[in-house]
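**Q** For reference, the chains in residue letters:
Number of protein chains: 4
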Amino acid sequence: MTSYNEEKLQHYKEKNKNRARLLIHCPDQPGIISRISEFLFSHDANIVASHQYSTDPEGGEFFIRLEFDCPELEAKFEQIEVDFQPIAAEFNMDWKLTAVRELKNVAIFVSKQPHCLLELLWEWQSSDLMANLAVVISNHEDTREMVESLGIPFYHVPSNKDIRHEAEARHKEILDEHDTDLVVLARYMQILTPEFVESYRNRIINIHHSFLPAFVGARPYERAYERGVKMIGATSHYVTNDLDEGPIIEQDIGRVDHRDHVEDMKKIGQTIERSVLARAVKWHLADRILVHQNKTIVFS
Amino acid sequence: MTSYNEEKLQHYKEKNKNRARLLIHCPDQPGIISRISEFLFSHDANIVASHQYSTDPEGGEFFIRLEFDCPELEAKFEQIEVDFQPIAAEFNMDWKLTAVRELKNVAIFVSKQPHCLLELLWEWQSSDLMANLAVVISNHEDTREMVESLGIPFYHVPSNKDIRHEAEARHKEILDEHDTDLVVLARYMQILTPEFVESYRNRIINIHHSFLPAFVGARPYERAYERGVKMIGATSHYVTNDLDEGPIIEQDIGRVDHRDHVEDMKKIGQTIERSVLARAVKWHLADRILVHQNKTIVFS
Amino acid sequence: MTSYNEEKLQHYKEKNKNRARLLIHCPDQPGIISRISEFLFSHDANIVASHQYSTDPEGGEFFIRLEFDCPELEAKFEQIEVDFQPIAAEFNMDWKLTAVRELKNVAIFVSKQPHCLLELLWEWQSSDLMANLAVVISNHEDTREMVESLGIPFYHVPSNKDIRHEAEARHKEILDEHDTDLVVLARYMQILTPEFVESYRNRIINIHHSFLPAFVGARPYERAYERGVKMIGATSHYVTNDLDEGPIIEQDIGRVDHRDHVEDMKKIGQTIERSVLARAVKWHLADRILVHQNKTIVFS
Amino acid sequence: MTSYNEEKLQHYKEKNKNRARLLIHCPDQPGIISRISEFLFSHDANIVASHQYSTDPEGGEFFIRLEFDCPELEAKFEQIEVDFQPIAAEFNMDWKLTAVRELKNVAIFVSKQPHCLLELLWEWQSSDLMANLAVVISNHEDTREMVESLGIPFYHVPSNKDIRHEAEARHKEILDEHDTDLVVLARYMQILTPEFVESYRNRIINIHHSFLPAFVGARPYERAYERGVKMIGATSHYVTNDLDEGPIIEQDIGRVDHRDHVEDMKKIGQTIERSVLARAVKWHLADRILVHQNKTIVFS
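So the protein sequences, as listed, match chains C, B, G and S. To convert, note that position 149 of the first sequence is 149 in full-length UniProt numbering; the numbers rise steadily by one, no gaps. To convert, note that position 31 of the second sequence is 31 in full-length UniProt numbering; the numbers rise steadily by one, no gaps. To convert, note that position 68 of the third sequence is 68 in full-length UniProt numbering; the numbers rise steadily by one, no gaps. To convert, note that position 280 of the fourth sequence is 280 in full-length UniProt numbering; the numbers rise steadily by one, no gaps.
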């Protein structure tokens, strides 16, 4: 593989130097959009994309994602944040403003199976996954060579149920050092502690190798084979402390038939897993996902 | 089949009595959304859904679809239209305001094959296609019984290339009489004249039984079979005077293999045709489609 | 709708008057195909399609479906059956020989929701579902008109848990009277007793409105909505005495997103249910399905 | 990436040491299957999979693919070939017998875009593509590092219309040297001469970046964008001397919408291209494809 295309990255940053995203969640009421768009217009911003969702126009919840261009964004960014606070307070908003040119720092956790990691590395190399791949952490050595050949730091941190807390202490150290925004579990086969999950709330994406809620837990392909299903699937979701019960981001399926044994299902499943995980990660990086009551709103 | 569910229809109208849709196309510039949303807020309207698309933030085209609730809409509707005109003029807008409770009048043209007509009748009966099915026109008698059993007027208007103009004169008479908003060609096998097409510009939806631009013209399944394709498709599009070249609304495909002869392809294709046409018609009825430079913007 | 196309039916019977199907399941060993094909050749039969599946060449199970043409089939049919018995005994075969021109008698059970029944009636009317639709049985009156308008007998047999046995006694009476080969539960919302299920072993096809094994049991769309899945599905399966645990025949899925409420999911689901059930019924009618250890082998 | 899993390869060869495949095409007549299966049984072979297709039972063409296990296959292979010749002659067969353990030698041609090459390398590395990747030939240097890092010979052979014959002379030299069975054009952007194509008849697989026959020729994504299609596709086919007109092996599609510009379509298309090409190559390697009258019969 060729090394990462620094030129494309600079092009992306340059192209998006004046672009920002505003994500908002608040109780619904008339006038929210009017107030926000007036605010942006008064700050010389031009809205280039907007997605809105209301759970119920009568007393429900309001969600919006806005993308806008604003000349001299870098200089004005903090002032925009300050100026928006009164509006946010008035409407009781959860909100986040992000500059598109600032790439998120991503850490990937992986165990032995490399296919999901490989897909993310590939997308990243071809500039389809816009992030800083800051670090890869594994409880095995298998993928070290592949990761380091791309110039990405690789840490081998052994982990199992007996040394979970020591391992996580080390994980946190590494994540902090790399100022990590997002943790991706690319077929990482260890359980995370509630403390760890809480510290990355809605910022840990897992890929589960079944069509949830079918086959929650271990050995989903074996159980799919036993049941004689005609389709297998994969599910990407944010991690919570209920195993495989976190907010679902994306799912997809593939056909199988009576000739497919467990090993065939695993191969067919790998292709599904890698694309389902990659889509979820890209949507997160593009600030397209809002979480509400254990469900996701994906503005795709 | 049971007769059309009048109760559901009334429920729909009641539920949507204060809901309207605003579709806008204009040159892009900062401040459009701010101006529109301020206008709606000042008229006590609450935006419940919005979709926006800009071809290019720098000097491109701007498209938006807004759905909003406004108390006492019926009484205020005309005033809102009047009040919006200065804004429309200022931004050089093409625009349209529609009241959701006012169903569009739809005429369906069909020849011998009934499957697309049947799908539309079915969707309409089960209240999934919200329209007044005003009339069915055919150059054959085959579907009369089915149509009239549902209480829908059926007109047999013979047509072929020698009597095209007489036939169309009669078509126009019928369409005018039923105040027709949309013409659906549900496998209608006659060519329309440029005058007719012009008088229903972007208001005639056709289903073509191929994955356009593959197999433009006659006998697409025969040609697909000859070519040995592994997938066949269907395309719904607005009719223009270039045969099968109008703006594409929706497409879908199905798999075929070496065992499928032309007759098998036709059967597989029928299922695709009927769903692709139904989706296009529903999107049109819900004011989800904008046309620009022979392409559609579908806010689905 | 036009009445059933008697002409097409006669054409089908005429075209297939010399065609038969042979389904076999036995322990695998070398020489089975040689023996069968030699037998057929010696009876002047020409194999026109064959599908084979072996669970494991070493001591596994062997399954085959053969379609063959044999001149004067009607006259020879019984002799072929007699002559095949020694081979069947030698290889310890479960087997079945069917004449393609003899249509199976089908009974459809339905409750209030008509969409699956409608799909089957439609396919039957357009000669895509080759069967005698012998009778429709319902615990409600809703679909009587639709069924009787096509000349199919309709029986209203009230049923609930208190009168289950009386209802089933009546069901059996009706099924026997129509010499029923296959029972299709087209959204029939009553539980069947073990005795009834046993008497139609692998001859009752149900449609479950979820992607099994997700959402076994009641209210699957409500539970899919609660869980926030991004896809919903439907599953057709043979009925056993374990609720929703019988051999799966076919599954399919459709995409949903955060905007889809339970009612939207139900509508999207209806389209999936009707096609998944229709495919399963057609495969059964064409003797394409073998059952082994609670799984299906579908030679599609 | 880790180096190729030699252990898995040996396991595959050992596991399949007694397995062979027999592909046959001949005029249809009764008794063919009987004759073949009797022959195999008399050679102690056990048929483990069979696929048959007849264009028309009355005077059509007959195609079959058989997979069988035969003890001591290596020792008996040539004798089986010799013994089968009289049968082949009697039925006027085109036929081919292959030993599964003998991997085919594959040459990949690529230009600048690496995604299809990468997919094939990936599948090969993970032992999902059972072949000897003998050599990669390119008219550019871009992919050399990636290829050589896996221990595969890479040849840079400049080519353009002025030096086509010199280039192809060099190509043939390299292909002969590696005893090449199959040439895969993994986005190779040069035209091949009729002589070259003829010398690898039905053994050159190309990936075309459109849903053929839509957008034959150059710049398909640009033309798809211009036309405003809602789906884009890719097609793998055997190369003939009619550009993009060879027998289609596999096709697939992906959805696009009004927001997708040419660059977006290319990215979406890459994912489709790589999977469509990989499937075609795997089917060819598994002897699953027969060609008849510019169409493929794929026994998948």
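Simulated from the structure, these hints should not be mistaken for laboratory data. Cβ coordinates follow ideal geometry from the N, Cα and C atoms, glycine included. Just so you know, not all the hints are guaranteed correct.
[What the hints assert, rightly or not] Restricting the straight-line Cα-Cα distance to at most 35 Å, the calculated cross-link-like pairs of lysine-lysine (DSBU-like) are: (1) S:K104 with C:K266; (2) B:K266 with G:K172; (3) G:K295 with B:K266; (4) S:K17 with C:K282; (5) G:K112 with B:K112; (6) C:K161 with S:K76; (7) S:K267 with C:K282; (8) B:K266 with S:K15; (9) B:K266 with S:K295; (10) S:K15 with C:K8; (11) G:K8 with S:K267; (12) B:K13 with G:K282; (13) C:K267 with S:K15; (14) S:K267 with G:K267; (15) S:K172 with B:K112; (16) B:K13 with C:K295; (17) B:K8 with G:K112; (18) S:K267 with G:K295; (19) S:K17 with C:K96; (20) B:K266 with S:K282; (21) C:K266 with G:K112; (22) B:K267 with G:K8; (23) B:K266 with G:K161; (24) S:K295 with C:K112; (25) C:K112 with G:K267; (26) G:K161 with B:K267; (27) S:K15 with C:K266; (28) S:K161 with C:K267; (29) G:K266 with B:K13; (30) S:K76 with C:K112; (31) B:K104 with G:K266; (32) B:K266 with S:K266; (33) C:K295 with G:K8; (34) C:K104 with C:K8.
[To be verified] Residues of chain B placed beyond 12 Å of chain C at every Cβ, according to the derived structure: (35) E6; (36) S34; (37) E38; (38) F39; (39) S54; (40) F62.
**Q** Each hint should be assessed against the structure and marked as holding or not.
**A** Evaluation of the provided hints:
A hinted pair counts as satisfied when its Cα atoms are at most 35 Å apart, and K104 of chain S with K266 of chain C qualifies at roughly 25 Å. Between K266 of chain B and K172 of chain G, the direct Cα distance comes to roughly 39 Å. Violation of the 35 Å bound is thereby established for this hinted pair. For the suggested pair K295 of chain G and K266 of chain B, the alpha carbons sit about 32 Å apart, so the restraint of at most 35 Å is met. Proximity of K17 of chain S to K282 of chain C is assessed by CA-CA distance (about 45 Å); at most 35 Å being required, the pair is judged violated.
About 32 Å separates the Cα atoms of K112 of chain G and K112 of chain B, which keeps this hinted pair within 35 Å; it holds. Among the hinted pairs, K161 of chain C with K76 of chain S is inconsistent with the structure: their alpha-carbon atoms are about 55 Å apart, more than 35 Å. Distance hint between K267 of chain S and K282 of chain C is fulfilled; the C-alpha atoms sit about 14 Å from each other, no more than 35 Å. For a cut-off of 35 Å, the pair hint linking K266 of chain B to K15 of chain S is broken: about 44 Å separates their Cα positions.
Taking the CA atoms of K266 of chain B and K295 of chain S, the gap is about 19 Å. The hint holds against a cut of 35 Å. The straight-line distance between the Cα atoms of K15 of chain S and K8 of chain C is roughly 47 Å, outside the 35 Å bound, and the hint therefore fails. Proximity of K8 of chain G to K267 of chain S is assessed by CA-CA distance (about 48 Å); at most 35 Å being required, the pair is judged violated. Between K13 of chain B and K282 of chain G, the direct Cα distance comes to roughly 40 Å. Violation of the 35 Å bound is thereby established for this hinted pair.
In summary, the hint linking K267 of chain C to K15 of chain S is supported, as the alpha carbons are separated by about 19 Å, within the 35 Å threshold. In summary, the hint linking K267 of chain S to K267 of chain G is supported, as the alpha carbons are separated by about 33 Å, within the 35 Å threshold. Proposed proximity of K172 of chain S and K112 of chain B is contradicted: the alpha carbons are some 57 Å apart, above 35 Å. Annotation: proposed proximity of K13 of chain B to K295 of chain C holds, straight-line Cα distance about 31 Å (limit 35 Å).
This hinted pair checks out: K8 of chain B and K112 of chain G have alpha carbons roughly 16 Å apart, not beyond 35 Å. Pair hint K267 of chain S plus K295 of chain G does not hold up; C-alpha atoms about 39 Å apart against a cutoff of 35 Å. Proximity of K17 of chain S to K96 of chain C is assessed by CA-CA distance (about 62 Å); at most 35 Å being required, the pair is judged violated. A C-alpha spacing of about 30 Å is found between K266 of chain B and K282 of chain S, which places the hinted pair at or below 35 Å, so the restraint holds.
Straight-line distance between C-alpha atoms of K266 of chain C and K112 of chain G comes to about 41 Å, which puts the hinted pair past the 35 Å bound. A distance of roughly 15 Å separates the Cα atoms of K267 of chain B and K8 of chain G; the hinted pair therefore holds under the 35 Å criterion. Annotation: proposed proximity of K266 of chain B to K161 of chain G is violated, straight-line Cα distance about 45 Å (limit 35 Å). Restraint check for K295 of chain S and K112 of chain C: not satisfied, since their Cα atoms lie roughly 42 Å apart, outside the 35 Å limit.
The straight-line distance between the Cα atoms of K112 of chain C and K267 of chain G is roughly 42 Å, outside the 35 Å bound, and the hint therefore fails. Straight-line distance between C-alpha atoms of K161 of chain G and K267 of chain B comes to about 41 Å, which puts the hinted pair past the 35 Å bound. This hinted pair checks out: K15 of chain S and K266 of chain C have alpha carbons roughly 20 Å apart, not beyond 35 Å. Between K161 of chain S and K267 of chain C the alpha-carbon distance is near 41 Å, which puts this suggested pair outside the 35 Å criterion.
Of the supplied pair hints, the one linking K266 of chain G and K13 of chain B holds, its CA atoms being roughly 21 Å apart against a limit of 35 Å. A C-alpha spacing of about 42 Å is found between K76 of chain S and K112 of chain C, which places the hinted pair above 35 Å, so the restraint is violated. Between K104 of chain B and K266 of chain G, the direct Cα distance comes to roughly 25 Å. Compliance with the 35 Å bound is thereby established for this hinted pair. Taken as a hint, the K266 of chain B and K266 of chain S pair is honoured in the structure, with Cα atoms around 31 Å apart against an allowance of 35 Å.
For the hint pairing K295 of chain C with K8 of chain G, the CA-to-CA distance comes to about 51 Å; that exceeds 35 Å, so the pair is violated. Restraint check for K104 of chain C and K8 of chain C: the C-alpha separation of about 16 Å stays at or below 35 Å, so the hint holds. At the 12 Å boundary, the C-beta of E6 of chain B stays outside the reach of chain C, the nearest C-beta of that chain being 26 Å off. Annotated as non-interface, S34 of chain B brings its C-beta within 12 Å of a C-beta of chain C; the closest such distance is 4 Å.
Distance check for E38 of chain B against chain C: the nearest CB is about 5 Å away, which does not clear 12 Å, and the non-interface claim fails. The claim that F39 of chain B is not at the interface with chain C is violated, since a C-beta of that chain comes within 12 Å of its own (minimum 8 Å). The beta carbon of S54 of chain B is not kept farther than 12 Å from every beta carbon of chain C, the shortest such distance being approximately 5 Å. The claim that F62 of chain B is not at the interface with chain C is violated, since a C-beta of that chain comes within 12 Å of its own (minimum 9 Å).
When the structure is compared with the earlier hints, violations turn up for hints 2, 4, 6, 8, 10, 11, 12, 15, 18, 19, 21, 23, 24, 25, 26, 28, 30, 33, 36, 37, 38, 39 and 40 and for no others.
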